[in-house]
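Q: Next come the chains, spelled out residue by residue.
There are 2 protein chains.
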Amino acid sequence: VPLGPGAHDLIHFSLVVAGFALLAHFLRTWHSTGEVSARYRPAVLASLAVTGVAFLSYVYLVLEFDQGYDLREGVYQPNAEALNTLVPRYMDWAVTVPLLMVEFLAVSAVVGAAARRTRFTLVGLAFLMILTGFIGAAVQEDGTSRTALIAWGVVSSAFYAALHVVLIRVLRRSRGAMGAQAYTSYRNATILLLSVWGWYPIAYALQVWFGGQWWTVTIQVGFSAADIAAKVGFGALIHKVAKLRTAEEV
Amino acid sequence: VPLGPGAHDLIHFSLVVAGFALLAHFLRTWHSTGEVSARYRPAVLASLAVTGVAFLSYVYLVLEFDQGYDLREGVYQPNAEALNTLVPRYMDWAVTVPLLMVEFLAVSAVVGAAARRTRFTLVGLAFLMILTGFIGAAVQEDGTSRTALIAWGVVSSAFYAALHVVLIRVLRRSRGAMGAQAYTSYRNATILLLSVWGWYPIAYALQVWFGGQWWTVTIQVGFSAADIAAKVGFGALIHKVAKLRTAEEV
Ligand SMILES: CC1=C(/C=C/C(C)=C/C=C/C(C)=C/C=O)C(C)(C)CCC1
Ligand SMILES: CC1=C(/C=C/C(C)=C/C=C/C(C)=C/C=O)C(C)(C)CCC1
Numbered sequence: 001v002p003l004g005p006g007a008h009d010l011i012h013f014s015l016v017v018a019g020f021a022l023l024a025h026f027l028r029t030w031h032s033t034g035e036v037s038a039r040y041r042p043a044v045l046a047s048l049a050v051t052g053v054a055f056l057s058y059v060y061l062v063l064e065f066d067q068g069y070d071l072r073e074g075v076y077q078p079n080a081e082a083l084n085t086l087v088p089r090y091m092d093w094a095v096t097v098p099l100l101m102v103e104f105l106a107v108s109a110v111v112g113a114a115a116r117r118t119r120f121t122l123v124g125l126a127f128l129m130i131l132t133g134f135i136g137a138a139v140q141e142d143g144t145s146r147t148a149l150i151a152w153g154v155v156s157s158a159f160y161a162a163l164h165v166v167l168i169r170v171l172r173r174s175r176g177a178m179g180a181q182a183y184t185s186y187r188n189a190t191i192l193l194l195s196v197w198g199w200y201p202i203a204y205a206l207q208v209w210f211g212g213q214w215w216t217v218t219i220q221v222g223f224s225a226a227d228i229a230a231k232v233g234f235g236a237l238i239h240k241v242a243k244l245r246t247a248e249e250v
Numbered sequence: 251v252p253l254g255p256g257a258h259d260l261i262h263f264s265l266v267v268a269g270f271a272l273l274a275h276f277l278r279t280w281h282s283t284g285e286v287s288a289r290y291r292p293a294v295l296a297s298l299a300v301t302g303v304a305f306l307s308y309v310y311l312v313l314e315f316d317q318g319y320d321l322r323e324g325v326y327q328p329n330a331e332a333l334n335t336l337v338p339r340y341m342d343w344a345v346t347v348p349l350l351m352v353e354f355l356a357v358s359a360v361v362g363a364a365a366r367r368t369r370f371t372l373v374g375l376a377f378l379m380i381l382t383g384f385i386g387a388a389v390q391e392d393g394t395s396r397t398a399l400i401a402w403g404v405v406s407s408a409f410y411a412a413l414h415v416v417l418i419r420v421l422r423r424s425r426g427a428m429g430a431q432a433y434t435s436y437r438n439a440t441i442l443l444l445s446v447w448g449w450y451p452i453a454y455a456l457q458v459w460f461g462g463q464w465w466t467v468t469i470q471v472g473f474s475a476a477d478i479a480a481k482v483g484f485g486a487l488i489h490k491v492a493k494l495r496t497a498e499e500v
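Protein chains in written order, with my numbering: chain A, 1 to 250; chain B, 251 to 500.
Treat the hints with care, since some could be wrong.
[Claimed, not checked] Mimicking DSSO-like on lysine-lysine, the simulated pairs with C-alpha atoms at most 30 Å apart in a straight line are:
#, chain 1, residue 1, chain 2, residue 2
1, B, K493, A, K243
2, A, K240, B, K490
3, A, K240, B, K493
4, A, K243, B, K490
[Unchecked claim] Pulled from the structure, derived: some chain A residues nowhere near chain B, Cβ distances all over 10 Å:
#, residue
5, L27
6, L56
7, N79
In short, the hints are calculated from the structure, not lab data.
Computed from a predicted model, the values in this text were never measured in an experiment.
Note that beta-carbon positions come from the ideal geometry of N, C-alpha and C, so glycine has one too.
Sequences are here, hints too, so could you generate the full structure?
A: In structure tokens form, the structure reads like this:
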């Protein structure tokens, strides 16, 4: 889809701002792993890895976006590589969404063997959800088949639904086991994560049915905003839970 | 606007110097988060994130500036990408100005639920101020419309005015709650921040009414100087407040 300069610059803005926000959270987390006791450290380390990887992924996205469009007669024309402004996002997600699951679980009240089992389930489901979505969007019939897009979207959505069940079960089980303040933040983190997750399949479906430059803007800006909420906002809330639970222990 | 070599080199100088100053503050802060007690740590971490992000943003600005002009017959002619030497600044500001608000609030005497509410207000107003300015400068009618520039400038200025009110209220409320020396530095930090903030809307208005290479130089060099003052100078003063307040606690 060709983009006017305004649309182009707005997408560019959202990509760079998301990258900067991720970097800011990364730097903050780097220097505050010590605020949390050893038991909850894995949550903070997961957040560090998530935002580090995602920051780099946004650097890559910005470069691909710059290269994927050529300015001709005042309009940005996508060239042969323009698909690359959506596809690299899946590579980021394939690593960061499983890590977000680790981050989520590490501050819960699920421990020991049950935690190991749940972690395995969450990480596996998250990875398969992204992988199947990626196959529909880019691999099968080179990403040109609407049928493949829909079919793989349905498979991916099954993993998506299963993840919701497991996440909510973990939240429920944590209720009695932590202080009221920590639980409130933990619940807010879950609500935030699951609400912004709603955007990803919607955006996936939008590309099946809609075209035009402002849809492209909506999808790209939406992804950037959702990534900030799911990684930085969620990370800040989980960090808070980890700090409150650390304080409870003393 | 085509630039003579002297004008071009002066802008280039100011961009690189600002980048180096931000890096210097970043390195200093990186190694001095421990000077401040846990309570004021968020201020130092915010400053770390602000200067880290802004340093990277200046690296990006220098690259864009290099690419945006072609030297032909002894004059630097802007090419199709020359807008990019102003626009990336908004991307930096969209993240760093909200973080400067966090930094400001973290050493104030406002705590608990009131702090959470005020932080939310400050961060939201700061982000909206930058976003609306960006829409006027680059998105609506591709940044070519003088009416759009003025209209969005007015909207942005409303957020700007509201921010002043909130910041001054926080400063007032902190007066009795900290030592005289800490308060003096805190007041100086506020005065510094709000005075250099005056430059940004002036520069925005200048581009509506003035052209010519020396105006471009003024705007760019002015932004670089203002960014140094608002991030490094302000950061140093806030760091001092945090250290003094840490000492008071002992
Ligand atoms: C259900 C579904 C999807 C879900 C994707 C999700 C939920 C992605 C979450 C990404 C996050 C949270 C990134 C981190 O910031 C896909 C793969 C688009 C394919 C279509 C069906
Ligand atoms: C009022 C106003 C503006 C204010 C911008 C400000 C106040 C920016 C501050 C930036 C800082 C402090 C950067 C950090 O170094 C805009 C957006 C130019 C648009 C026109 C109206």
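Q: When you check the alpha-carbon spacing of K493/B and K243/A, does it fall within 30 Å?
A: holds (23 Å)
Q: Closest CB-CB distance from L27/A to chain B, is it above 10 Å?
A: Non-interface label on L27/A violated, nearest chain B Cβ at 5 Å vs cutoff 10 Å.
Q: Just to be careful, I want the Cα atoms of K240/A and K493/B compared with a cutoff of 30 Å; is the pair within it?
A: The given pair, whose Cα atoms are some 24 Å apart, holds under the 30 Å limit.
Q: Please work out if K240/A and K490/B have their alpha carbons no farther apart than 30 Å.
A: holds (26 Å)
Q: Check the non-interface label on L56/A: least C-beta distance to chain B beyond 10 Å or not.
A: holds (12 Å)
Q: Given the hinted pair K243/A and K490/B, is their alpha-carbon gap at most 30 Å?
A: At roughly 26 Å apart (the allowed maximum being 30 Å), K490/B and K243/A satisfy the hint.
Q: Quick one: work out the minimum CB distance from N79/A to chain B and report holds if it exceeds 10 Å, violated otherwise.
A: holds (15 Å)
In summary, the one numbered hint that this structure violates is 5.
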